[in-house]
Amino acid sequence: MVRRRASAVVRTAACHAAAIALFLVQVAPAAAASGTESITVTIGGRANQFFFVRDDTDDPRAPVERTNATGMFNYSRLTIDGRIPLGDDLAVRGSARFIANSRQPDNTDEVYIELFGSFGRLQFGDRRAANAGMIESVAPQAFLHMDDEIISSAVRPRAEVQMRDGLTFKRFTRNAAGVVYQSPRWNTFDIAVGYYPNGDTPISTVQRIRTKNGSESTIRSVGTLGDGIRYRVLAGYHQAEASLVPEKISAWNALADLFVGPFEISGTYIHVAPIFGLRERNWAGGAMYVTGPWMLSGDFRQAVRKRELGGMTFDKVERLTFQAAYKLAPGINLGGALFQSFQRDSASLVWRSRGAILGLTVAF
Numbered sequence: 157m158v159r160r161r162a163s164a165v166v167r168t169a170a171c172h173a174a175a176i177a178l179f180l181v182q183v184a185p186a187a188a189a190s191g192t193e194s195i196t197v198t199i200g201g202r203a204n205q206f207f208f209v210r211d212d213t214d215d216p217r218a219p220v221e222r223t224n225a226t227g228m229f230n231y232s233r234l235t236i237d238g239r240i241p242l243g244d245d246l247a248v249r250g251s252a253r254f255i256a257n258s259r260q261p262d263n264t265d266e267v268y269i270e271l272f273g274s275f276g277r278l279q280f281g282d283r284r285a286a287n288a289g290m291i292e293s294v295a296p297q298a299f300l301h302m303d304d305e306i307i308s309s310a311v312r313p314r315a316e317v318q319m320r321d322g323l324t325f326k327r328f329t330r331n332a333a334g335v336v337y338q339s340p341r342w343n344t345f346d347i348a349v350g351y352y353p354n355g356d357t358p359i360s361t362v363q364r365i366r367t368k369n370g371s372e373s374t375i376r377s378v379g380t381l382g383d384g385i386r387y388r389v390l391a392g393y394h395q396a397e398a399s400l401v402p403e404k405i406s407a408w409n410a411l412a413d414l415f416v417g418p419f420e421i422s423g424t425y426i427h428v429a430p431i432f433g434l435r436e437r438n439w440a441g442g443a444m445y446v447t448g449p450w451m452l453s454g455d456f457r458q459a460v461r462k463r464e465l466g467g468m469t470f471d472k473v474e475r476l477t478f479q480a481a482y483k484l485a486p487g488i489n490l491g492g493a494l495f496q497s498f499q500r501d502s503a504s505l506v507w508r509s510r511g512a513i514l515g516l517t518v519a520f
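Reminder that position 285 of the sequence shown reads as 441 in this note's numbering, one-by-one numbering, no gaps.
Bear in mind the hints are in silico, worked out from the structure with no lab data behind them.
Heads up, some of the hints might be wrong.
Unchecked claim - Calculated cross-link-like contacts (lysine-lysine; reagent style DSS-like; alpha-carbon spacing at most 27 Å):
id : residue 1 : residue 2
1  : Lys404    : Lys368
2  : Lys472    : Lys404
3  : Lys368    : Lys483
4  : Lys326    : Lys462
5  : Lys404    : Lys326
None of these values were measured; they are calculated from a predicted model.
Input sequences plus hints: build the corresponding full structure.
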């Protein structure tokens, strides 16, 4: 099944990339005839390599497993971006971003076309949720990025509560084509809305359902409170219908981020109501300090999954992480992390893990 899904994603990505290329080729002559500049194509990306070591304390009631306590991961991305100015403060852009990641079958992350100008941005295609882009990072991260979830790859998931993409609406819209509009900044505010006719939404780490008529809306404020003090606050709402059962998935999230000199303090919270009477609460908070080429951060994250009736806790995950990164050159960072993880599954079995990650990231 994984091979079939991966090949289907490859074919879809190829079709989207070909459509973008054809679109740009068709638009370029018209742009040139109107006296505007020709198409500009840029290629960028990021290559990451991580090594981890881990020590586990398994629940004595659980079956004995022989998992590897050390390993290496790669997580790399390549983005191809083509832009054509159309004049009168209007331009068109086609973008395709590919992932080289042995831990998941999906090798495309974003493939879309965008019209942008003074009116804002209007996007068509497979694009991560605007909510995820506006949040940027759910907690300060000196080296690892919460979107990559390297720790969730180093530590085997034991609970069904969603951790990967768990705090943004990306978990609902990944690999779902849609239409997204994001406004320009008005004073300190901007908004974004999106519609996704169909989706493939994970309601746990092991189960996905087909959805339809998904929508999202997010409002954000970015401003200053005084000399050296900046802030970001955000609130969003998402809902979608299940395709095979008469139930809906809904979620709302919020973020608060404060910058004071070299310090950043922020946190994100999401409440999700998936189908079958389940409820999820997921939050993360942390702080980061930047001095010269050094970045230091610490964050804590908790996710809880409950049944609505009775409020019984089915699954719980907690994680504490300390990170450090050193900038060797522009775009090149050497860093590492120390982590401690707690997991409890629906049978009340408990697993604890602690370990370290060392890696190198290169952006170009």
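Hint check:
1. Restraint check for lysine 404 and lysine 368: satisfied, since their Cα atoms lie roughly 10 Å apart, inside the 27 Å limit.
2. Between lysine 472 and lysine 404 the CA atoms are separated by roughly 23 Å; this keeps the pair inside 27 Å, and the hint holds.
3. For the hint pairing lysine 368 with lysine 483, the CA-to-CA distance comes to about 44 Å; that exceeds 27 Å, so the pair is violated.
4. At roughly 22 Å between alpha-carbon atoms, lysine 326 and lysine 462 fall within 27 Å of each other, so this suggested pair holds.
5. Distance hint between lysine 404 and lysine 326 is fulfilled; the C-alpha atoms sit about 17 Å from each other, no more than 27 Å.
Against the hints set out earlier in the document, a violation occurs for number 3 only.
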